[in-house]
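Number of protein chains: 2
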Amino acid sequence: MTDRTTPPSGEDSLIARYFKPLATDPGAFNLDDDAAMLKGQGGDIVVTTDAIVEGVHFLPDDPPDTVARKALRVNLSDLAAKGAAPAGFVLTLALRSPDDAWLAPFACALGEDATLFQCPLLGGDTVATPGPLMISITAFGRVPSGRVVRRRGAGVGDRVVVSGTIGDAALGLELLKAGPAAAGLAGDAAAREMLIGRYRIPQPRTALALAVRDYASAAMDVSDGLAGDLAKLCAASGVSAAVDAARIPLSAAARALMDRGVAGIDSIVSGGDDYEILCAIPENRLEAFEHAAALAGVAVRSIGTIIAGSAVPSFIDAQGREIAFKRLSYSHF
Amino acid sequence: MTDRTTPPSGEDSLIARYFKPLATDPGAFNLDDDAAMLKGQGGDIVVTTDAIVEGVHFLPDDPPDTVARKALRVNLSDLAAKGAAPAGFVLTLALRSPDDAWLAPFACALGEDATLFQCPLLGGDTVATPGPLMISITAFGRVPSGRVVRRRGAGVGDRVVVSGTIGDAALGLELLKAGPAAAGLAGDAAAREMLIGRYRIPQPRTALALAVRDYASAAMDVSDGLAGDLAKLCAASGVSAAVDAARIPLSAAARALMDRGVAGIDSIVSGGDDYEILCAIPENRLEAFEHAAALAGVAVRSIGTIIAGSAVPSFIDAQGREIAFKRLSYSHF
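From first to last, the protein sequence lines stand for chains A and B.
Sequence positions in the first sequence follow this note's numbering and run 1 to 333.
Sequence positions in the second sequence follow this note's numbering and run 1001 to 1333.
Okay, chain A solo, but in the shape it has when bound (with noise of 0.2 Å):
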């Protein structure tokens, strides 16, 4: 026998540098292996995928560790809007080529977040495109036995529940893009930087999914946009709902745009990238949700009313005017 050892693939030694490191949950297997473990313990899993595209999800110049972080915690908002606590992860990567100024900054970012909310890295496949960046995660969360929050589920006369601040991501996206959005904001570098931050680094409330499992009988995450989100979750109860516009939670610098004209309620509400929390609380649950939203440090806001019906969604201006949309949210078709 000859001494020799096996020489690393391009693939295994990139896998090795930068995402070995994070694999430290032992259902990883240390990331040599073809299958990672999510031990039984007795629950339900919960199972959300998301994909981001460059170009598309993101800017091809958006920085690394932004990117990393989106991607994960646009699966780590689902699982919160379904109560589920994080279990780990699963990652899919497709690069043009291994790109070490890329990758670095990536995978540490990546490793970080995972840290932070208990969510590890136990596996994954990596692969060659010619075309864009793509990154794929599956996240696994745990529920106990049967007490997945869905969507169905709203009731007429429960109050509709936003967590945080509505529109800010779609505001930063147009800021990227120097839409109208730039010149109102011209003078304000700590307003663009929030809304920047809010479109590359959401903030998934895995704070409130324990209270949204206790809670509420109905609930997603706002990812496609406010109008078109709630119409999906009234769909799949079977009936509507009312919401009053002027109580939809802005931030600062979006009711800033809003007074000088230069955003609209139409992107505020459609613009879509902010999850946050939409659910549906029973009346007589809303001030012990509240407080526990309170305790887990998630601002929470009552928007309006489930309503019988298979109507849209209204929407209520401060007149007491429906407002009509010109979209719901965005698709990508």
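Warning: the hint list may mix true and false statements.
What the hints assert, rightly or not - Distance ranges between label pairs, derived from CB positions:
id	chain 1	residue 1	chain 2	residue 2	range
1	B	LEU1295	A	LYS20	37 to 43 Å
2	B	PRO1130	A	TRP102	40 to 46 Å
3	A	PRO26	B	LYS1020	32 to 38 Å
4	A	GLY187	B	ALA1104	53 to 59 Å
5	A	ALA190	B	ARG1017	45 to 51 Å
6	A	GLY146	B	ALA1104	32 to 38 Å
7	B	LEU1059	A	TRP102	26 to 32 Å
As the list claims (entries may be wrong) - Residues on chain B that point at chain A, a partial pick, calculated with CB under 10 Å:
id	residue
8	LYS1020
9	ASP1034
10	ALA1036
11	LEU1038
12	VAL1053
13	GLU1054
14	VAL1056
15	LEU1122
16	PRO1130
17	ALA1288
18	ALA1292
None of these hints come from the bench; they were simulated from the model.
Glycine included, every Cβ here is placed at the ideal spot set by N, Cα and C.
On the provided structure of chain A, position chain B as indicated by the hints.
Then chain B, alone, in the frame of chain A:
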């Protein structure tokens, strides 16, 4: 209230048309939720993820039904090698544009395979890309608690066993690319078709999963080439191996090509895409394993022995000489 109904987006109608009919498992939530669910059943969940990219893992003119089957089956092959029974999968589809002529046969074949292998579609994500078509599947399997079969665990003296035949897929790809093998089989349409079929439609050894779980000390699937994959299994187990090259199971077509000198042992053992099971079986369990494999209808053959050491496994020819390979396995980068 006006009596509007939600206008489905292109993305939603694509999902409704092609994928909702496949999502019959209750855990899929009819694909109208943010996530899917794997019911807890006491055991562990094995997770595997594999992506295939047009122009890299499949050819642009490969029939869409074969692309669907390959995308799912490469994952089913991993589950089988880990001793896991299929439990479901999620699909990420990155498309340039929704093309009915492509999507209809793709979805139909995917549904057929999901039924055939009892691995239901649970959820997914459909995104637009300006680049090549890409399909990423994350599949789940169930094993009793603590019973997943690892790459590590092979012991000195164990037999090295493979299922099926090796090298056919690599020769099939060569035929499609009109390589040397094409001339060698110009007159034999049946052999051509068989080899191309082995490239396009892997046969995951799901039927062998239980026998692997019961008898193998270590296992993996052969996806990147027998030589390189055996090296990985040995490295994970801290052992080496000696393979009797003449015992590597070959199809009649592959043997004919070797006999005519148009296919070499190199392309047989390093070509990849075999999706056969490679495992180590302790000597005293070999007979029981072979019996279980026969009952499952899967051909298996012992081709070598696990030996001590850290050297790359050696392949010995009929004259007792070690064969030197140019490369061990396929690598993307």
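*Which of the numbered hints are not met once you compare them with the structure shown?*
2, 8, 17 and 18
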